[in-house]
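A.B. asks: Kindly generate the complete structure, drawing on both the sequences and the hints.
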Amino acid sequence: MSTQPLSASDVDVATRTDDVWVTLVWNDPVNLMSYVTHVFQSYFGWPRDEAERRMREVHELGKTVVSSGSREHMEVDVQAMHSYGLWATLRRSGE
Amino acid sequence: MRGFQESAEGDPPAAIAELDSEERAVVARVVADVGLLLGGEPFGMEIDAADADEDPLFRHLRGFESALSDPDDPAVLRILPNAAPDDRDVADEFRRFTEPELRSLKVDRLRTIWKALNEDGPEWVVPTGDAMSTAAALTDIRLVLASRLGMETDADATALHEEIDRAHDPATGRYVAGNAQNPERVWLGMLYQALTWLQESLMSYVMKDDVMRDDV
Chain A
1 MSTQPLSASD VDVATRTDDV WVTLVWNDPV NLMSYVTHVF QSYFGWPRDE
51 AERRMREVHE LGKTVVSSGS REHMEVDVQA MHSYGLWATL RRSGE
Chain B
1 MRGFQESAEG DPPAAIAELD SEERAVVARV VADVGLLLGG EPFGMEIDAA
51 DADEDPLFRH LRGFESALSD PDDPAVLRIL PNAAPDDRDV ADEFRRFTEP
101 ELRSLKVDRL RTIWKALNED GPEWVVPTGD AMSTAAALTD IRLVLASRLG
151 METDADATAL HEEIDRAHDP ATGRYVAGNA QNPERVWLGM LYQALTWLQE
201 SLMSYVMKDD VMRDDV
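As given, the protein sequences belong to chains A and B, one line each in that order.
Residue numbers for the first sequence follow this note's numbering, so the first one is 1 and each next one is one higher.
Residue numbers for the second sequence follow this note's numbering, so the first one is 1 and each next one is one higher.
The hints are simulated quantities; they were obtained by calculation from the structure and are not laboratory data.
Hints should not be assumed to be uniformly reliable.
[To be verified] Going by beta-carbon spacing under 10 Å, a handful of chain A positions derived as facing chain B:
(1) Ser34
(2) Ser68
(3) Gly85
(4) Arg91
For every residue, glycine included, the Cβ atom is placed at its ideal position computed from N, Cα and C.
C.D. replies: Put into C-alpha cells, the structure is as follows:
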C-alpha cells in the first residue's frame, strides 16, 4: 500500500464508504519510463510532473495507487491499464 | 534501422522509422506471432469479405471460451494479467468481462503494424493518431519476448543486456557468434533491445509537445 495520501480529486464517491476499491500499477522491467508517464498523463489527465512522480513511485517502490472508487470504476481503470500493457490490479481499499 | 522521427512533410502528421527489408521481415514476423498467441487469425490470411461482414459480437465471443481462467502460456498471462491475485472471484469475473475485448483490441493493433510493415519501401509510417496504439502494441510484443527470456525483474533485464554485450566484440561492436553461450537467447534479446529502442524513439515523438508545454 502506498503511503502517499490520495488527493481529493483521486477519491470517487463510492456507493458505500466501506466499499472503496483501489487500482494499483506494479513495476515491471519492460515498461518504459516515458511510456508509463505518458499513459498516466493521457488516461488520468495528470500534469506531467504528477505523472512522472507516480511513474517513479512504481519504479522505485514497486507499485503505486493510481485511482480509487467503486469496484466497477476500478475495473474500467484496470482494463485501460491492461490495454496499454501495464500491470494493474484492483483490490478493496485498506486490504 | 532508423528510429521514429517526425515526418518532414508533416501533412498528415506522422512519425516515420526506417527498416531495411530484413529488419522489416523480422519485426513483421514477431508481430504476427504475438497476434497468433492472442488467438487472432493469421495475419495476411484473413478472408476480407467475411471479416468485413462479421458481426463484432462474434469476434468478441471467439476469445470467450479461453477467458474463463488465467491463460496457460506465461507470455499471454503477461499481456492479459490477473487483475486480482488475492481474490479469485474478482479476477475471474474481470477476465470474463474484459478479456475478449482486450484480445481483439491487441490483435487489431498488431495487424495494423503488420500491414504497415508489408508496404513497399523502407519507411514505417505511423500516423500521429496511431502513435500510442503502436507504442502499446510494441509494449505487448516486448512483454512476450521478456517472458520468453525469463525477464521478471530489473536485475534480469540488466543481466540480459550484459549477456548481449559479451556476445559482441568490444572493439568493433560487432556480434560474434562464438561469444554467445546461447545464440538464440542473444538473438531474441537483441530483437527485444531493437524494439525497445524503436518504442523509445516513438515516445520521444509522442511526447515532444508535452515538453514544450512544460517549458512555457
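A.B. asks: Tell me the hint numbers this structure goes against, listed in increasing order.
C.D. replies: 2
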